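> Below are the chains, spelled out letter by letter.
Protein chains: 2
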Amino acid sequence: MGNQVNELARGIIAGEEKALAKGLTFIENRKSGYRELLDSIYPEVRSCPIWGLTGAPGVGKSTITNYLVDSLANRSERIGVIAVDPTSPFSGGAILGDRVRMMDLAGREGIFIRSMASRGALGGLSPAIMDAVSLYQAFGVDRILVETVGVGQSETDIVSLADTVAVIMMPGTGDDVQTIKAGLLEIGDIFAVNKADLEGAETLAGLLQSMLSSRNGDEKWVPPVIKLVASQGQNLDTLLEKFLDHQKSLEKSGQKEKKEKMRNEMALKMHLQARFQDLYLGPLLGTEDWEKAIKSINRREKSPAYWAEKLISRSD
Amino acid sequence: MGNQVNELARGIIAGEEKALAKGLTFIENRKSGYRELLDSIYPEVRSCPIWGLTGAPGVGKSTITNYLVDSLANRSERIGVIAVDPTSPFSGGAILGDRVRMMDLAGREGIFIRSMASRGALGGLSPAIMDAVSLYQAFGVDRILVETVGVGQSETDIVSLADTVAVIMMPGTGDDVQTIKAGLLEIGDIFAVNKADLEGAETLAGLLQSMLSSRNGDEKWVPPVIKLVASQGQNLDTLLEKFLDHQKSLEKSGQKEKKEKMRNEMALKMHLQARFQDLYLGPLLGTEDWEKAIKSINRREKSPAYWAEKLISRSD
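Protein sequence lines, in the order shown, are assigned to chains X and P.
If you're matching positions, the first sequence starts at 33 in this note's numbering and goes up one per residue.
If you're matching positions, the second sequence starts at 33 in this note's numbering and goes up one per residue.
What the hints contain is simulated information worked out from the structure, not anything from laboratory work.
Just so it is clear, the structure is predicted and the values come from calculations on it, not from any experiment.
The beta carbon of each residue, even a glycine, is placed where N, CA and C say it ideally should be.
Be a bit skeptical, because a hint or two may be false.
[Stated by the list, open to error] So the derived list for chain X, only partly shown, Cβ under 7 Å to chain P, looks like this:
1. Asp71
2. Val77
3. Ser79
4. Cys80
5. Tyr99
6. Trp253
7. Val254
8. Ile258
9. Val261
10. Met294
11. Ala299
12. His303
13. Arg307
14. Pro315
15. Gly318
16. Ser335
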């Protein structure tokens, strides 16, 4: 095991594509030894900008991501892409694993794409996503793009992961004010209204603009609102510029470093939770103690709160 | 503290509305003593159907929930509503806390509404939501409705919470196939295409129908697809009927009990995690050990995986 992990780590650090792919799978499946792998590559992690794109399904995220990745690759950058998919509650795997949305880019020189499930076994942003970022950074990419589907939870998680977040919206999804209120204002560094040729695009963009102007004003960066017609390539260059502008602004203000520290704290918390799960929760499932607790809860004798206390003190 | 908790538990069990409201706040804020409260009311928890509604913002969930709650209340049922809101990544609170969507119903006899944040401090479905269900059930409601906003994560969580899940969709949100693929097929017991007077509704409903027909076939229940124009009250009665039908089907097949057991297992896991957080993770934050670990991670000396192992073995 140790040798295999060392070999893998060496390959990743040396920039071998096959090792990267294998390492990402290793990390995602939480195979034994993944902690050693992370530990081996960690000193070689090199900071790079992490960009995030989020929005509801169907707003055109894939088209936009394709453009960004393509443009950056044309500038001879090496790009790591992580496409975060909603997790199936049944299989536990990513649902869009078979997705075609990145087909155009896959296999191109300097472009590395991985689709990953959004959440860990017990909920929350999957720690594997954060570890995949480290792997890309040890392998040596110039930039990482993370695309998450969703309005609800995953899009709030992206804030702790990415330096710069673009929220993609589109007109005509009904109650626009509600959509906007649902946490997105706080999340985005850039707002894009895609399908701007559709009715309601002006209204949505205007609404966004006015809501953003009332956002907490002690920031240096005022999030721009951009109208796109991504399918026709319209204004995508402006979006790319805004990403680059925001990145410069972060570097200048020292926020980049601050964000990195926050990301590290988050990673440590996630690994502590994973550890708890592996060491205590996992081994507990199905034991006599566990079954006794479940039975008692089913009979409504004692509450889950009671049994959690009992079981955790027993494992000390 | 003990006395206050006892008093609260007594009030909830006696069906006092004020005690319920206070208890729900107690549970949501995780005030010290909330475990004792849960434990005190737990033997009085009475099973009742739990219905879930989920869908992206703007699809009309609120109108639909309003109708269902209104109809059931007119049948002299007591209804507990939990409106699950996306959590702000910054304030940690629910974002739509000020929402108006349930205004019509609030304060009506036999209708109890609580808006709650979707997630716990460390991600995942907030355990408080599950505990709120227990509180409602000890208080004595005939039915619980849980409404979650979101396509992504929260809607997969609803499966572990509700007996019956209705997925609400609408036409015109772009890439319908992608929308449908994003895990929703596996989640819904009932599918509703709202705003069925809009272009594309037929196509969406047809697509859903054909995709559902290829869903794993060893089930007794075939999820119906209903077309609604909720704003005009169109077909909402059919939706209510389907909810009642599914509930009967669950009771007949013994699935209701099975779902309850799964819910209990989930609740125990959540409480164990909360316990871990309170006992280990919380006290660790900001300590000398913690700061040392963060510094080492920031300097890329050792990985989060390494430090998680170190820190957790130290706390044993």
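> Regarding the hint that X:Met294 lies at the interface with chain P, is the smallest CB-CB distance below 7 Å?
X:Met294 check fails; min Cβ-Cβ to chain P is 10 Å, beyond 7 Å.
> Would you check whether X:His303 satisfies its interface hint, that is, whether its CB is within less than 7 Å of any CB in chain P?
Since chain P brings a Cβ to about 3 Å from X:His303, closer than 7 Å, the hint holds.
> Hold the hint about X:Pro315 up to the distance rule: shortest CB distance to chain P must be less than 7 Å.
Status violated, d = 12 Å.
> Hint X:Asp71 vs chain P: min CB-CB distance below 7 Å?
Holds, about 5 Å.
> A closest beta-carbon separation below 7 Å is what the hint needs, so does X:Ser79 meet it against chain P?
violated (9 Å)
> Given X:Ala299 as an interface hint, is its Cβ closer than 7 Å to any Cβ of chain P?
holds (4 Å)
> Have a go at the X:Trp253 hint: is there a Cβ in chain P nearer than 7 Å to its own Cβ?
violated (16 Å)
> Answer holds if the nearest beta-carbon of chain P is closer than 7 Å to that of X:Val261; otherwise answer violated.
violated (13 Å)
> X:Tyr99 was flagged as interface toward chain P. Is the shortest Cβ-Cβ separation under 7 Å?
Since the shortest Cβ distance to chain P is 16 Å, the answer is violated.
> X:Ile258 was flagged as interface toward chain P. Is the shortest Cβ-Cβ separation under 7 Å?
violated (18 Å)
> Just to be careful: measuring from the Cβ of X:Ser335 to every Cβ in chain P, is the smallest value less than 7 Å?
This interface hint holds because 4 Å falls under the 7 Å limit.
> Does X:Gly318 hold up as a contact with chain P if the rule is Cβ-Cβ below 7 Å?
violated (11 Å)
Hints 3, 4, 5, 6, 7, 8, 9, 10, 14 and 15 from the list above are not met by this structure, while the remaining hints are.
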